Amino acid sequence: MNERTVSVKTAGAVGGLDVGAIRRDFPILSRTVGEHPLVFLDSAATSQKPNQVIDAEAEFTRHHNANAHRGIHMLGEEATQAYEGARATVARFLGAPEPETIVFTRGVTESMNLVAQGWGRTHLREGDEILITEMEHHSNIVPWQMTAAVTGATLRYIPLTDDGLLDLSQLGSLLTERTKIVSVTGMSNALGTITPLRQLADSAHAVGAIIAVDAAQLAPHSPIDVQALDVDLLGFTGHKMLGPTASGGLYGKSDVLESMEPMLGGGEMIHEVFHDHSTYKSAPFKFEAGTMPIAQQVGLAAAIDYLDGLGMANVRAHEEEITRYALDRLLDAGATVYGPKDASIRGGAVSFWFKDVHPHDLATILNEQGVAIRAGHHCAQLAMRRYGVPATARASFYVYNTKDEVDALVGALDHAQAIFS
Amino acid sequence: MNERTVSVKTAGAVGGLDVGAIRRDFPILSRTVGEHPLVFLDSAATSQKPNQVIDAEAEFTRHHNANAHRGIHMLGEEATQAYEGARATVARFLGAPEPETIVFTRGVTESMNLVAQGWGRTHLREGDEILITEMEHHSNIVPWQMTAAVTGATLRYIPLTDDGLLDLSQLGSLLTERTKIVSVTGMSNALGTITPLRQLADSAHAVGAIIAVDAAQLAPHSPIDVQALDVDLLGFTGHKMLGPTASGGLYGKSDVLESMEPMLGGGEMIHEVFHDHSTYKSAPFKFEAGTMPIAQQVGLAAAIDYLDGLGMANVRAHEEEITRYALDRLLDAGATVYGPKDASIRGGAVSFWFKDVHPHDLATILNEQGVAIRAGHHCAQLAMRRYGVPATARASFYVYNTKDEVDALVGALDHAQAIFS
Amino acid sequence: MALDDIYKEVILDHYKNPRNKRELPGAELQCHANNPLCGDEITVFAHVDGGAVAEVTFQGAGCSISQSSASMMTEAVTGVKIGDARGLAERFRGMMAGDVEPAEDEFGDLVALKGVVQYPIRIKCAVLAWDVLQEALDGAGSASGAQPHTV
Amino acid sequence: MALDDIYKEVILDHYKNPRNKRELPGAELQCHANNPLCGDEITVFAHVDGGAVAEVTFQGAGCSISQSSASMMTEAVTGVKIGDARGLAERFRGMMAGDVEPAEDEFGDLVALKGVVQYPIRIKCAVLAWDVLQEALDGAGSASGAQPHTV
Ligand SMILES: Cc1ncc(COP(=O)(O)O)c(C=O)c1O
Ligand SMILES: Cc1ncc(COP(=O)(O)O)c(C=O)c1O
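Residue numbers (my numbering), protein chains in the order written: chain Z, 6 to 426; chain C, 6 to 426; chain H, 30 to 180; chain P, 30 to 180.
I should point out that these hints are in silico values taken from the structure, not numbers from a laboratory. These figures come from a predicted structure and were not determined experimentally. Check before you lean on any hint, since a few could be wrong.
[Stated by the list, open to error] Simulated crosslink set (BS3-like; lysine-lysine; CA at most 27 angstroms straight-line):
| # | chain 1 | residue 1 | chain 2 | residue 2 |
| --- | --- | --- | --- | --- |
| 1 | H | K50 | H | K153 |
| 2 | Z | K346 | Z | K360 |
| 3 | C | K258 | C | K286 |
| 4 | P | K143 | P | K110 |
| 5 | Z | K286 | P | K37 |
| 6 | Z | K360 | P | K110 |
| 7 | H | K153 | H | K37 |
| 8 | H | K110 | C | K360 |
| 9 | C | K360 | H | K50 |
| 10 | C | K360 | H | K45 |
| 11 | C | K346 | C | K408 |
| 12 | H | K50 | H | K143 |
| 13 | P | K143 | P | K50 |
| 14 | P | K153 | Z | K360 |
| 15 | P | K37 | P | K143 |
| 16 | P | K153 | C | K258 |
| 17 | H | K37 | H | K50 |
| 18 | Z | K258 | H | K153 |
| 19 | H | K143 | H | K153 |
| 20 | C | K360 | C | K286 |
| 21 | Z | K286 | Z | K258 |
| 22 | P | K45 | P | K143 |
| 23 | P | K50 | P | K37 |
| 24 | H | K110 | H | K153 |
| 25 | P | K153 | P | K110 |
| 26 | C | K286 | P | K153 |
| 27 | C | K360 | H | K37 |
| 28 | Z | K360 | P | K45 |
| 29 | H | K110 | H | K50 |
| 30 | H | K143 | H | K37 |
| 31 | Z | K286 | H | K153 |
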């Protein structure tokens, strides 16, 4: 349904990607801000989408649109096949054993709430502990606070080192037989840190806990194999990995998914409805109430095809190289960087503070130079407080970014300095 | 962002719509099934989308994509304006007093769950009653069963008359001061029935209850003025009203929305996050956790522009005329119709059973003639049981359907009869 | 795709004149399942003797595919060893998944259902009776493919 | 849009040399609010005498827009009748909504903030100090535009 014009390696390509060819797939990257070319360094907030993805979603809607799992008619069959085909594509991408281990959601926020509510409210009671980390995105904090309030379970945090790593020195006292679930980001959107998932999974399993992963940042930027990582649940979001807004899902081991209650009730998730009770389908369908983001999951499958065409190892290598370059140049320019300084153990979201220019002012000034960065707390207020800053500036990179764009960023910092000196 | 080539009235146009011109906006309607032209009579499941909507969503993604309410950069501003502009468009369409009374969701299933959880779990306790009807879609039943199970409140049902209307003769005993909320469909997807919302709202308010409406079918097919109807909450779904999958929302009176708890926790719905608690934004933002279906709500706004261009009164008149014709022809052909037989008090979803051909067989046979209908329980098992049928065949109409298509449907019934006689 | 791929004579015959459609008093095995999506219902009754399915009947209501499939099934497994009945159920499922090419002599009338593969949403109808049979042979109680769970 | 629309001399001057930035011991009115999105914080202290804002100071931290706006505000409302201060707050908000054309003599330095209208997400920064002032004048306790609600 979607044509793939993916980019092939050329000689001097960074990390094995032909970034010039890739950029031609992203029409938005040709935009300008005033007389400056757009330099988009905010992919950690949402990535841009290639024509292949936009076209796949539009093509589905234009020629195959119908509700999935409902219609006997031709369009109904086509829509069901496209939707279930997308599930199989996602499963393959994550190394999941079978499509039925993938629940579709409208994004990782819904996924983590489904974990906190669907698993948490049935499995947790007073005295139980939930272990998360201080670098979590609010979508992996607030749902647990809500679940803790309802169940009486206690929420505990793995602290951070000064370098922006998980401080695992106290893991022994934090992770005990009271711990029922460890829920942790795979890659921090605020600090860039990549967390040791397999190690945490083993530690969690050793005390009888399960482990859930917020892979909002990890899935777009790194190869993932859920079976090799041995994680129990893993949420991801399509719009950060070249896919449409409203796409995403939750991987879960079959027995863990079956042990969960649905979060939303409605059509298609039920088996039978009576006046006083209902029976549900089995996973993943019992979690997919109502009409799902059908065209969007079809778009997500096209995004995965695009990423597969590039090769996730190449994607990771490209970003590691750019991130290394960016860290060097920002530190040289006098910026304070929060998070690990070693590109090999982190992703491409680089949080910093430049001299005494407030991040909001910096973002406004950079925007006038065409450079789009994010300023704020990045939905990680606990991490901000840990490092004593109310906000940071954040540049983040993806498959379409170049070292030239890092130079544009660093060059634009001079303007800020000129204004505020 | 979206160009409007809406169709103008021409002389003999049905119900004031130029259906020929409208059909040219929907590329999927030119498809064929074998040698037969596609006759799409399943809009109650999901409507088709005009080019204007598909293009608006694609154009947003191709040239203005960014996360809303986050970025200081140019794209961030553009995305925020498009998203909030869509909220204003929806508010105008529903007659809501201000954009902030509209919460965006991924569809009416999420909306009704938000009502049942966000309102229900804070406002209901043992002894309280929830009043719904036997013609509800599962998305307005199952969430209340879940809330009843958690809160101890009791779920009661307004029964149906043999004609498919609400049997309001027992309303006095069903709607009492124990009733805290009445939640009712505005138009049944299984029977076509239009419910007397203003009357129910007045009755509910008279006993101190609030009223929530599932407008999944009403909003696409009829003018709505939430203030004139005096309803407290009203959910709707974009994909049934020419909009993208994953678009939709919930209207609520400001004080009712403020009295509700969020259903999902995460980014952007919070004010401040601490280790042990968080504070939330005010409505509607406290209900919009994480990255929302941004491009999809922009597409929904384009759908509303399209419908506004046609005029919702014309849409209703057109459908009433087609439905009247379809009822006549189906009854003539010997079909048994479930739901009101008077087109002036019902919408265009016509449920029927044709002689002794099982609906599943009928749908398969009609499909081979190019006619797409739905067969099944239409997520309304209680209504099916009320009328003693396991399933029905359902034809449903929208702005692009013609009387010729009704003829094609009725003509195709002969094939079924020939096969099964 | 053409209608006579699915509404073959033999299917319509089994639908209009179902074989072995009755209760079986004193049956050791009895199992029921439904597919609420379309309202198909099947109960299978079986009498086992010496490791073989001595007699098998069904009751039910639903579309032509679900009911004819049940009727054909009763003919196909009567007098067959339990292990072989299970094997046939597996291969029937394989045919409906498009993986197994049916052997005419083993499948008999069941071959007629092969055309249903082209109508994926109807496959559930064709398979329902076989689900119930398998559950019955497993000696399990009430079966439901959907593993329902109560609110 | 050009940067000197927003980073005008006078704004940078108020940012680098804020006026009336100190606590006001014994102030009858005191109010605090923050905008966690960017980490802006403002506390306003006011001393009221004879129906007028006799003295007003602020404390806070944040971006140049939020802090310069607070500094300018203290200058603009010192010695002004409470009703007039409220009116100015209303008109300032109107300017930031693009509805009110500021009168140079009433607005003074505040006119400089007009350019912020072109940066919608920064409007919250410019308005924060005025939110706090209004809450303070309402005699209310701790203010927060977002009406936070605790989990
Ligand atoms: C009356 C009614 N309510 C609710 C729904 C569910 O809508 P959605 O699937 O968009 O959540 C539907 C659609 O089938 C409906 O017709
Ligand atoms: C680590 C992490 N988790 C969760 C989220 C939330 O993702 P979404 O907004 O798609 O639900 C984000 C995105 O900001 C993120 O970076």
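Hint by hint, here is what the structure shows:
Simply put, K50/H and K153/H have alpha-carbon atoms about 20 angstroms apart, close enough for the 27 angstroms limit, and the pair holds. Restraint check: the Cα-Cα separation between K346/Z and K360/Z comes to about 18 angstroms, which is no more than 27 angstroms; the hinted pair holds. Between K258/C and K286/C the CA atoms are separated by roughly 17 angstroms; this keeps the pair inside 27 angstroms, and the hint holds. The suggested pairing of K143/P with K110/P holds, with an alpha-carbon distance near 24 angstroms, which does not exceed 27 angstroms.
Restraint check for K286/Z and K37/P: not satisfied, since their Cα atoms lie roughly 62 angstroms apart, outside the 27 angstroms limit. Note on K360/Z and K110/P: the hinted pairing is violated, with a Cα-Cα distance of about 41 angstroms set against a maximum of 27 angstroms. Pair hint K153/H plus K37/H holds up; C-alpha atoms about 18 angstroms apart against a cutoff of 27 angstroms. Restraint check: the Cα-Cα separation between K110/H and K360/C comes to about 41 angstroms, which exceeds 27 angstroms; the hinted pair is violated.
With a CA separation close to 22 angstroms, the supplied pair K360/C and K50/H stays within the 27 angstroms bound. Only pairs whose Cα atoms come within 27 angstroms are accepted, and K360/C paired with K45/H is accepted, the gap being roughly 14 angstroms. Between the alpha carbons of K346/C and K408/C the distance comes to roughly 17 angstroms, so the proposed pair stays at or under 27 angstroms and holds. Distance hint between K50/H and K143/H is fulfilled; the C-alpha atoms sit about 22 angstroms from each other, no more than 27 angstroms.
For the proposed pair K143/P and K50/P, the alpha carbon gap of about 22 angstroms is at most 27 angstroms, so the pair holds. A C-alpha spacing of about 24 angstroms is found between K153/P and K360/Z, which places the hinted pair at or below 27 angstroms, so the restraint holds. Of the supplied pair hints, the one linking K37/P and K143/P holds, its CA atoms being roughly 10 angstroms apart against a limit of 27 angstroms. Under the criterion of a C-alpha separation no larger than 27 angstroms, the hint pairing K153/P with K258/C is consistent with the structure, at around 25 angstroms.
Simply put, K37/H and K50/H have alpha-carbon atoms about 20 angstroms apart, close enough for the 27 angstroms limit, and the pair holds. Restraint check: the Cα-Cα separation between K258/Z and K153/H comes to about 25 angstroms, which is no more than 27 angstroms; the hinted pair holds. Our distance criterion of 27 angstroms between C-alpha atoms is met by K143/H and K153/H, whose separation comes to about 13 angstroms. With a C-alpha separation of about 57 angstroms, the suggested pair K360/C and K286/C falls outside the 27 angstroms cut-off, and the hint is violated.
The suggested pairing of K286/Z with K258/Z holds, with an alpha-carbon distance near 17 angstroms, which does not exceed 27 angstroms. Restraint check for K45/P and K143/P: satisfied, since their Cα atoms lie roughly 19 angstroms apart, inside the 27 angstroms limit. For the hint pairing K50/P with K37/P, the CA-to-CA distance comes to about 20 angstroms; that is within 27 angstroms, so the pair holds. The hinted pair formed by K110/H and K153/H meets the criterion: a straight-line CA distance of about 25 angstroms does not exceed 27 angstroms.
For the suggested pair K153/P and K110/P, the alpha carbons sit about 25 angstroms apart, so the restraint of at most 27 angstroms is met. Our distance criterion of 27 angstroms between C-alpha atoms is met by K286/C and K153/P, whose separation comes to about 14 angstroms. With a CA separation close to 20 angstroms, the supplied pair K360/C and K37/H stays within the 27 angstroms bound. At most 27 angstroms may separate the alpha-carbon atoms for a hinted pair to count; K360/Z and K45/P meet this at roughly 14 angstroms.
Annotation: proposed proximity of K110/H to K50/H holds, straight-line Cα distance about 21 angstroms (limit 27 angstroms). Between K143/H and K37/H, the direct Cα distance comes to roughly 10 angstroms. Compliance with the 27 angstroms bound is thereby established for this hinted pair. For the suggested pair K286/Z and K153/H, the alpha carbons sit about 14 angstroms apart, so the restraint of at most 27 angstroms is met.
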